[in-house]
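**Student:** Chains as they are written, first to last, in the working numbering: chain P, 1 to 499; chain S, 500 to 849.
It is worth saying that the hints were derived from the structure and are not from the lab.
No farther apart than 25 angstroms at their CA atoms in a straight line, the calculated lysine-lysine pairs in the DSS-like style are these:
hint, chain 1, residue 1, chain 2, residue 2
1, P, Lys492, P, Lys173
2, S, Lys708, S, Lys800
3, P, Lys343, P, Lys419
4, P, Lys343, P, Lys173
5, P, Lys321, S, Lys708
6, P, Lys21, P, Lys391
7, P, Lys343, P, Lys386
8, P, Lys155, P, Lys184
9, P, Lys492, S, Lys784
10, S, Lys800, P, Lys254
11, S, Lys708, P, Lys254
12, P, Lys21, P, Lys228
Next come the chains, spelled out residue by residue.
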Amino acid sequence: MAPIIEMRKMTKAYRGIPAVKDIDFTLETGEIHALLGENGAGKSTLTKIMAGVVEATSGTMIYRGREVQFASPHAALENGIAMVFQETSLVPSMTVAQNIYLGEEKFLNRLRGIYISAQQFLQSLNFTVDPAATVASLGAAKRQMVEIARAVRHKAEIIIFDEPTAALTPEEKRHFFALMKRLKRSGVSIIFITHALEEALAQADRITILRDGELVASGLSAEFNREKVVRAMVGRALSNEIYNVQRAPENIRKRGAKILSVQDISMGNTVRNNSFSIFEGQITGIFGLIGSGRTETFKIVSGIHKRDFLRGGDIELDGRKVRYNVPAEAVRDRIIYVTEDRKLEGFFETMSIAENFYSGLLSAGLEKSAVISFREMRALSAEWSKRLNVKAINDNARAVELSGGNQQKVVIGKGLIQKPRLVIFDEPTRGVDVGAIAEIHQLVNRLADDGLAVVVISSYLPEIMNLSDRILVCRQGRVVEEISPLEATEEKIMYAAVH
Amino acid sequence: MTLFDPLLDVFRGKAVTIPPLDGALKPNTILEDAEVIATVEAPDNLAELDGHLIFTTGKEVRTVADGKVIWTGPSEITALAVGRDNTLAIALESGGIRFIGRTAAVIQGFNCPVALTFASDGALYVCNGSDAVAASAWKSDLMSKSARGSVWRVDPRSGERQCLAANLAFPYGIAVDEANARVLVSESWRHRILAISFAGGEPQPLLMKLPGYPARIVSAPDGYIMSLFAPRNRLIEFVLLEDDYRSDMMREIESQFWIAPSLSPSRSFLEPLQNGGVRTMGIHKPWSPTRSYGLVVGLDKALQPTMSFHSRANGLRHGITSVLFHQGAVVAAAKGGNAILRIAPSEGEV
Chain P
1 MAPIIEMRKM
11 TKAYRGIPAV
21 KDIDFTLETG
31 EIHALLGENG
41 AGKSTLTKIM
51 AGVVEATSGT
61 MIYRGREVQF
71 ASPHAALENG
81 IAMVFQETSL
91 VPSMTVAQNI
101 YLGEEKFLNR
111 LRGIYISAQQ
121 FLQSLNFTVD
131 PAATVASLGA
141 AKRQMVEIAR
151 AVRHKAEIII
161 FDEPTAALTP
171 EEKRHFFALM
181 KRLKRSGVSI
191 IFITHALEEA
201 LAQADRITIL
211 RDGELVASGL
221 SAEFNREKVV
231 RAMVGRALSN
241 EIYNVQRAPE
251 NIRKRGAKIL
261 SVQDISMGNT
271 VRNNSFSIFE
281 GQITGIFGLI
291 GSGRTETFKI
301 VSGIHKRDFL
311 RGGDIELDGR
321 KVRYNVPAEA
331 VRDRIIYVTE
341 DRKLEGFFET
351 MSIAENFYSG
361 LLSAGLEKSA
371 VISFREMRAL
381 SAEWSKRLNV
391 KAINDNARAV
401 ELSGGNQQKV
411 VIGKGLIQKP
421 RLVIFDEPTR
431 GVDVGAIAEI
441 HQLVNRLADD
451 GLAVVVISSY
461 LPEIMNLSDR
471 ILVCRQGRVV
481 EEISPLEATE
491 EKIMYAAVH
Chain S
500 MTLFDPLLDV
510 FRGKAVTIPP
520 LDGALKPNTI
530 LEDAEVIATV
540 EAPDNLAELD
550 GHLIFTTGKE
560 VRTVADGKVI
570 WTGPSEITAL
580 AVGRDNTLAI
590 ALESGGIRFI
600 GRTAAVIQGF
610 NCPVALTFAS
620 DGALYVCNGS
630 DAVAASAWKS
640 DLMSKSARGS
650 VWRVDPRSGE
660 RQCLAANLAF
670 PYGIAVDEAN
680 ARVLVSESWR
690 HRILAISFAG
700 GEPQPLLMKL
710 PGYPARIVSA
720 PDGYIMSLFA
730 PRNRLIEFVL
740 LEDDYRSDMM
750 REIESQFWIA
760 PSLSPSRSFL
770 EPLQNGGVRT
780 MGIHKPWSPT
790 RSYGLVVGLD
800 KALQPTMSFH
810 SRANGLRHGI
820 TSVLFHQGAV
830 VAAAKGGNAI
840 LRIAPSEGEV
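Just need the whole structure built from these sequences, with the hints factored in.
**Tutor:** Encoded structure:
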């Protein structure tokens, strides 16, 4: 099989620092090719060169037998290369159908015709998305579907998916993988960037692994296993360190004082009479399937959502009833919530790392001077970048330019600067590479060792089992079971979550 | 809480919330799996006489070891205590307290004596659950939301008595804290433990917002052990808010079918689904809401929960009304489960 695209000695440098260096990469026609690597390994940069988003510093790209260089994503799309970004590029105020046909509008458009055509097209892809709904009203998974539909509609010969499954439910993932296989059968070549190693091993024909901007391994997926991939990605065997730790009774932290007591809080049909307590010096793991009300419960606790006005339940912090109207009130009480959707809620993407850190300080009212002090900002940024090992060119790098793991560290740092007593991590390692996962886990453990009350909400069972000192399982808007990590098995937790 | 919240609460209805069973109260099945040392109908108050366990059931006081009847009363026995000189103080449904031993006095005037304990000076402390109803009518007392209970100090020799606290909502357990010259009283309908000075005075709440209705409390080597005879339940809390409904229910329905706490899971065909009777795929869910439950809680000296033993919604050892620390183990009387159980305290550490 002839390669549809071939990259030779591809290099891209930002301010003289190479993001990818001398990479030789080939993509065969009709194959699914997984691109793996830690955050900052250069996966996105490599694919962005392919899709015309960034221009290579040196190297050649041969597409369908001729050397090309795309000046823009539009040029790449015209040539049949589409990229589905991690952060979708849809217009939120427009409908799904309008987004699908964006850029192809005629002089006079019949809206009904667009909707009917979009409906048929979405149905052919097995996507249950209302074409008349505005994109702003859709969840992350459905936005992803629209983005994919748009790429498929342009009859792309190469589709690049950047972390396509991060926001999808298991059911939606199954649909997505089936779609990927269908596209493959019709001759489309797919590049699939992911952090979910199991997905790469199960779905891809070939795997290429990058590390620090260089290609470290490439081959048929059958030649790889989880261990081998992880070792290649991080240069050390990390998976045991992260997920296969045997919990001994002496490693389970004893609970400290009860800091938070939530009693019968309700919010519509999402959170229903939910009750639980959180203790200092412990990591409380919260597991539940999508729709179990985990995130919403803790958003109520941290003042982001409001509980029911009538009989909405009680939240007590140190025995004192609290009802936060805005998150700033919770921050003042030293409760922080580290969001699961860092791109939307976690940081200011056009601001620098230093400004993002400083914004955390400002929102807690902990700044030393009455006016913005750039010296304080720089010192703060230097301290927290070092403490959290944020990898960036310098402190002036914008948050949007960072890799997923480093963005997550900025979001966490922004919260920790506020000197919290209760830290709520919602999916702290979603879309984060293995190396950063280990660092974030270490940080979470350190916080609990320092006596803070820590809550970790996660959909990933091994993460819950390895981090938690106690595990609360949510189902249909409430905590239904508390399980000790010593007695926890994946089956037992899942049983409580679904039964 | 904003300044306006107390005002808004008037309109939005003050939430009646139930604290969760977690932390030291994390559910387990220790009571359900515990060793049964006696199977007997409705065992109630446990005590230690001469190193031997005794208990009350119906009108009788019996030994746990061989079931031998020690004493039979003219009416149901509602509480039992043993003094240092092995004097038995026995409270009766008919209202009196009888002393068996060196003194053989009878003290009348208590309407609902439900807990007794002797202090080291020989004084007897009495919890009178209510001055309106007898002990067996405890559901009526709860449903009428009365607070007519009291705690008394009685001199067994002279019969002289002194009221230490009144207007309590069913005081159902009492333990002496000699070191601090006070008694600890479990106030059942207000779900809390109070400290009352030997000299009387305003009761001080020490442990509040319990997730169930506390019953007897006793001293243990590292603190106290307390039994909770039934769980709090949102449906019951709701009924307690609805005065008209409640009065209709009390007037028209037999008390065993009231929406009220219960000592045992219902087995009546008239009530096929008690709240906790929900089954999913043939399995009775242990986390179902329930009107009866088995719960024993270990407390430290500061009255903070340190461990607990449970029989959950799908269990049978419910309605624990009395506990005792005996020969290094916790002994519990499951009045609703018709069993006396023994548990090693280490099992409950979480």
